[in-house]
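Trainee: Sequence:
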Amino acid sequence: MHLLSLLPLAAACSAAAVARQEAAAAAPGSSGIHNWMAGPFPADNGRLRVAAPEVLTLSVAEVMEKGGNATVAAPSPEMAAAPAPAEVLGRRDVFGADDRVLKTDTTYPWSAMGRLLIQSPNGNYICSGSMVGARVLLAARHCVVDGASYTFSPAYYNGDRLPTAFATLVIRIPGKNEDNGGCGWKDDWALFILNRNPGNGYLGFKTFPDRLSGASADWWNYGYPGDKSPSGPYAQNRFKVRKNPGCGSSEGGALLSDVDAAGGQSGGPIWIPESDGRYQYAVLVGGSSQNTILSHGSALLNAIVAARRDYP
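Counted the way mature numbering (1 follows the signal peptide of the UniProt record, and there is no 0) counts, the sequence shown spans residues -19 to -1, 1 to 293.
No lab work stands behind these hints: they were computed from the structure.
Note that the structure is a prediction, hence the values are computed from the model and not measured.
Please note that a few of the clues may not be correct.
To be verified - Using 25 Å as the maximum straight-line C-alpha spacing, the simulated PhoX-like pairs for lysine-lysine come out as follows:
| id | residue 1 | residue 2 |
| --- | --- | --- |
| 1 | Lys47 | Lys221 |
| 2 | Lys187 | Lys224 |
| 3 | Lys157 | Lys187 |
| 4 | Lys47 | Lys157 |
| 5 | Lys224 | Lys157 |
| 6 | Lys221 | Lys187 |
Said to hold, decoys possible - Pair ranges (Cβ atoms, derived):
| id | residue 1 | residue 2 | range |
| --- | --- | --- | --- |
| 7 | Val53 | Ala32 | 17 to 25 Å |
| 8 | Asn103 | Lys157 | 17 to 25 Å |
| 9 | Gly180 | Ser270 | 39 to 47 Å |
| 10 | Pro144 | Asp291 | 21 to 29 Å |
| 11 | Gly180 | Thr85 | 15 to 23 Å |
Cβ coordinates follow ideal geometry from the N, Cα and C atoms, glycine included.
All chains, please: the whole structure from these sequences, using the hints.
Mentor: Have a look at this one:
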């Protein structure tokens, strides 16, 4: 498997597209899983690098206790009545035709998603991310780089269009993204506590139910694929997501999907518009020739609930 975030800009821009297909029945293994992080790129001298945040690593038990074994985190109430997306968007692991479409809106819910710029001593990287609290940004754990600073730009497109914010604290749980059929990738998530509320709303969050596994649901993804444009946000709609059973957990391992992805999309939200708002269920983190890999779970939900309370 591979990560979908930390790829060099040059590599991200030259990746070739792959065709669309339904998520394979078997979990990826021999072909290897990779992340979708884009970088390292040369330092951006036009953007001041802020101080690196503290990184807090909590155990799953600590996260569950702090979150009170929550079952749902509601979206921002002032945005709940925002109109649902009107168009259906049709995905480098691309499965079949590439269904990702440029999405330049700055209204909610797109204003709650954006680009995460990672500025490290060894160069810059790009991930995608989503707001899941007033000051709580959700992205992939592998987007956390030693000594780096993190700047979030909502709905970024060829420059900042909405006010930005930077991370002052990163919260994660321990783990490794081992190439073990997706089991080790389930907890590939991190919460970035921002220095201020960008004020553009945030998504709700739920755990993934059995009824949605393999179903034809109104799934959406949003992120910054380097094979399309290093600065343009792309969205995709109407793909499938399914559980990866086993892995020693009732929740299974990382979720599997046929959503299209490339370097720069790590950390992007997987969400559905529901009657009471937009709810995120997973985070795009990696992929193989067979599937795109999504992190999720009750530990993530409870970390979000606790972070909203502790960092309003």
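Trainee: The structure should be examined with respect to each hint, and the outcome stated for every one.
Mentor: These are the hints, each one checked on the structure:
no.	hint	verdict
1	Lys47 to Lys221	violated (32 Å)
2	Lys187 to Lys224	holds (15 Å)
3	Lys157 to Lys187	holds (23 Å)
4	Lys47 to Lys157	holds (23 Å)
5	Lys224 to Lys157	holds (20 Å)
6	Lys221 to Lys187	holds (17 Å)
7	Val53 to Ala32: 17 to 25 Å	violated (34 Å)
8	Asn103 to Lys157: 17 to 25 Å	holds (21 Å)
9	Gly180 to Ser270: 39 to 47 Å	holds (41 Å)
10	Pro144 to Asp291: 21 to 29 Å	holds (23 Å)
11	Gly180 to Thr85: 15 to 23 Å	holds (20 Å)
Checked against the numbered hints given earlier, the structure breaks hints 1 and 7 and satisfies all the rest.
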